[in-house]
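Which chain is which? The protein sequence lines are A and B, in order. Going by full-length UniProt numbering, the first sequence opens with residue 1, and the numbers climb by one from there. Going by full-length UniProt numbering, the second sequence opens with residue 1, and the numbers climb by one from there.
The set of hints was computed from the structure by calculation and includes no laboratory data. Be aware that one or more of the hints could be misleading.
Any copy will do: because identical chains look the same in the list, a pair fits if it lies in one copy or spans two.
[Claimed, not checked] Quick list of in silico lysine-lysine cross-link-like pairs, BS3-like style, CA-CA up to 25 Å:
#1 Lys-19 to Lys-108
#2 Lys-203 to Lys-61
#3 Lys-243 to Lys-203
#4 Lys-227 to Lys-202
#5 Lys-108 to Lys-202
#6 Lys-284 to Lys-113
#7 Lys-256 to Lys-284
#8 Lys-227 to Lys-203
#9 Lys-203 to Lys-256
#10 Lys-32 to Lys-218
#11 Lys-284 to Lys-30
#12 Lys-108 to Lys-61
#13 Lys-35 to Lys-227
#14 Lys-19 to Lys-32
#15 Lys-14 to Lys-61
#16 Lys-14 to Lys-202
#17 Lys-256 to Lys-108
#18 Lys-243 to Lys-32
#19 Lys-32 to Lys-108
#20 Lys-203 to Lys-108
There are 2 protein chains.
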Amino acid sequence: MAQENYDSRRIDGKSLAGKIEAQVRQGVEKLKGEKNVTPGLATILVGEDPASRMYVRLKHKACERVGIHAEDRNLPESTTQEELLGVIRELNSRNDVHGILLQLPLPKHLDSKAAMLAIDPAKDADGFHPYNMGKLLIGEEGLVPCTPKGVIRALEEYNVEVQGKHAVVVGHSNVVGKPMAAMLINRNATVSVCHVFTDDLKKYTLDADILVVGTGVKHLIREDMVKEGAVIFDVGITEENGKVYGDVDFDNVVRKASLITPVPGGVGPMTIAILMEHVLTAAKNA
Amino acid sequence: MAQENYDSRRIDGKSLAGKIEAQVRQGVEKLKGEKNVTPGLATILVGEDPASRMYVRLKHKACERVGIHAEDRNLPESTTQEELLGVIRELNSRNDVHGILLQLPLPKHLDSKAAMLAIDPAKDADGFHPYNMGKLLIGEEGLVPCTPKGVIRALEEYNVEVQGKHAVVVGHSNVVGKPMAAMLINRNATVSVCHVFTDDLKKYTLDADILVVGTGVKHLIREDMVKEGAVIFDVGITEENGKVYGDVDFDNVVRKASLITPVPGGVGPMTIAILMEHVLTAAKNA
Chain A
1 MAQENYDSRR
11 IDGKSLAGKI
21 EAQVRQGVEK
31 LKGEKNVTPG
41 LATILVGEDP
51 ASRMYVRLKH
61 KACERVGIHA
71 EDRNLPESTT
81 QEELLGVIRE
91 LNSRNDVHGI
101 LLQLPLPKHL
111 DSKAAMLAID
121 PAKDADGFHP
131 YNMGKLLIGE
141 EGLVPCTPKG
151 VIRALEEYNV
161 EVQGKHAVVV
171 GHSNVVGKPM
181 AAMLINRNAT
191 VSVCHVFTDD
201 LKKYTLDADI
211 LVVGTGVKHL
221 IREDMVKEGA
231 VIFDVGITEE
241 NGKVYGDVDF
251 DNVVRKASLI
261 TPVPGGVGPM
271 TIAILMEHVL
281 TAAKNA
Chain B
1 MAQENYDSRR
11 IDGKSLAGKI
21 EAQVRQGVEK
31 LKGEKNVTPG
41 LATILVGEDP
51 ASRMYVRLKH
61 KACERVGIHA
71 EDRNLPESTT
81 QEELLGVIRE
91 LNSRNDVHGI
101 LLQLPLPKHL
111 DSKAAMLAID
121 PAKDADGFHP
131 YNMGKLLIGE
141 EGLVPCTPKG
151 VIRALEEYNV
161 EVQGKHAVVV
171 GHSNVVGKPM
181 AAMLINRNAT
191 VSVCHVFTDD
201 LKKYTLDADI
211 LVVGTGVKHL
221 IREDMVKEGA
231 VIFDVGITEE
241 NGKVYGDVDF
251 DNVVRKASLI
261 TPVPGGVGPM
271 TIAILMEHVL
281 TAAKNA
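Given only the sequences and the hints, what does the whole structure look like? Please build it.
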């Protein structure tokens, strides 16, 4: 089969993210023009972890692109829980901050659950607050986790029917698997959630019309595990010797998929674009 | 096969509820003795719907059995939203009320979502508040919906292994299906959620080690749809000519199940016992 055919199966996360960002940029300009409000995102980074610094930098760059005001609260490694909560309370109370993002993981001496709980749910850009997770579960999606929301947006953009389809989610993390399953259930897919305790994973993946994989296990999903024509989202990232791998063996699986995200350049850029969308939404609701 | 064999497969919800209630009664006495606190449940019933009145009465009777103080707020059909919210706020503020139960459905002129949101999550005996639903989704189960929690308790009491098993939930309501799925995922089952949009329901139910059905469709699940040895919970109730039917064709399905709840006398009594447990928990946490 010609290489061109496979190219058309690749979900281009960068281009999709660009499209979402263009919409957000328009929305930001409209909000500035009509209400004189500039959406603002405050990121909180405790310590100097290089990966976390990079993620925060990527988010700030995205803010620049779409016209969102970004504020960087880079706190020292030695920050106490009370100091951290103080910063969150201050940001909660400020009218010019519409989204608050606490970059995880925190240094071990800090209680990240308590910190996340302290964020005003209306400013919870990441969608991890229990209140927002609960709204998600009962089908009233507001600020929801960005990565699974990015998958939903991609399904919409590529006109993939979800209702009545068998969607299989591999991985049951709070960040991806569980909210992803809830969003697919809300859209009337038949949803199976698999994970490290699943017996015979292949039995489920082989039956998936839509397959979302987020486990962090390099090339867990091989060609013989997917159904002809499946739509596949690879949310996993493994770094090995400076190279980045997904949970899906893309080069071989692409032969059977009808649509599939690569790693990198798939779900990653979409996640950040959705974060921008959330800040705009929060600013509109404020 | 002898009738006795089938009897041993029946999950006796009444006896299980009795066991839970006995534990609650002990806990209530301990709390009274050690902290001089009597757990209190306030029920709010708006209007005169006979079924709702009966449900409230059953809950008050259970309170009596376990030593929980029960308060009945029976408001007239003409109650306004502001009056209802006023009652909820009053109950939120009272130290002697640890659980608040808003009996649904409310009369149509009232906004039940807004009313449920007004209940202090710490007093949310039914576990329907988004904050509690979100805690459930992220695996920090506190006050959770009573019916699925009753199923979990039965699985524990009957020593049914959940981890790694295929649990199939039929129905995706906010009251049963979605929280049930979340609880089973939290316990590391592989979970499939089916519903009215599912193509080929039988394909899923036939593969279920644990099957929970809550659709309100009389005898939806027939003998040819279940796996030999399955553990089956029937959460459905349909009334027809004064008789009550479950979602599972018990008389025939029992031949294949290893354990199965009847309707009535299965999940129903367990739900109320779990409600009592919740009020005790809320009183302990207060």
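Now the hints, each set against the structure:
no.: 1; hint: Lys-19 to Lys-108; verdict: neither (38 Å within a copy, 42 Å between copies)
no.: 2; hint: Lys-203 to Lys-61; verdict: neither (42 Å within a copy, 48 Å between copies)
no.: 3; hint: Lys-243 to Lys-203; verdict: neither (30 Å within a copy, 41 Å between copies)
no.: 4; hint: Lys-227 to Lys-202; verdict: both (10 Å within a copy, 20 Å between copies)
no.: 5; hint: Lys-108 to Lys-202; verdict: neither (37 Å within a copy, 48 Å between copies)
no.: 6; hint: Lys-284 to Lys-113; verdict: between (27 Å within a copy, 22 Å between copies)
no.: 7; hint: Lys-256 to Lys-284; verdict: neither (42 Å within a copy, 56 Å between copies)
no.: 8; hint: Lys-227 to Lys-203; verdict: both (10 Å within a copy, 16 Å between copies)
no.: 9; hint: Lys-203 to Lys-256; verdict: both (16 Å within a copy, 23 Å between copies)
no.: 10; hint: Lys-32 to Lys-218; verdict: neither (44 Å within a copy, 56 Å between copies)
no.: 11; hint: Lys-284 to Lys-30; verdict: within (10 Å within a copy, 51 Å between copies)
no.: 12; hint: Lys-108 to Lys-61; verdict: neither (28 Å within a copy, 49 Å between copies)
no.: 13; hint: Lys-35 to Lys-227; verdict: neither (50 Å within a copy, 60 Å between copies)
no.: 14; hint: Lys-19 to Lys-32; verdict: within (20 Å within a copy, 62 Å between copies)
no.: 15; hint: Lys-14 to Lys-61; verdict: within (14 Å within a copy, 61 Å between copies)
no.: 16; hint: Lys-14 to Lys-202; verdict: neither (30 Å within a copy, 40 Å between copies)
no.: 17; hint: Lys-256 to Lys-108; verdict: neither (43 Å within a copy, 51 Å between copies)
no.: 18; hint: Lys-243 to Lys-32; verdict: neither (41 Å within a copy, 62 Å between copies)
no.: 19; hint: Lys-32 to Lys-108; verdict: neither (40 Å within a copy, 40 Å between copies)
no.: 20; hint: Lys-203 to Lys-108; verdict: neither (39 Å within a copy, 46 Å between copies)
In summary, the structure is inconsistent with hints 1, 2, 3, 5, 7, 10, 12, 13, 16, 17, 18, 19 and 20 from the numbered list given earlier, while agreeing with the others.
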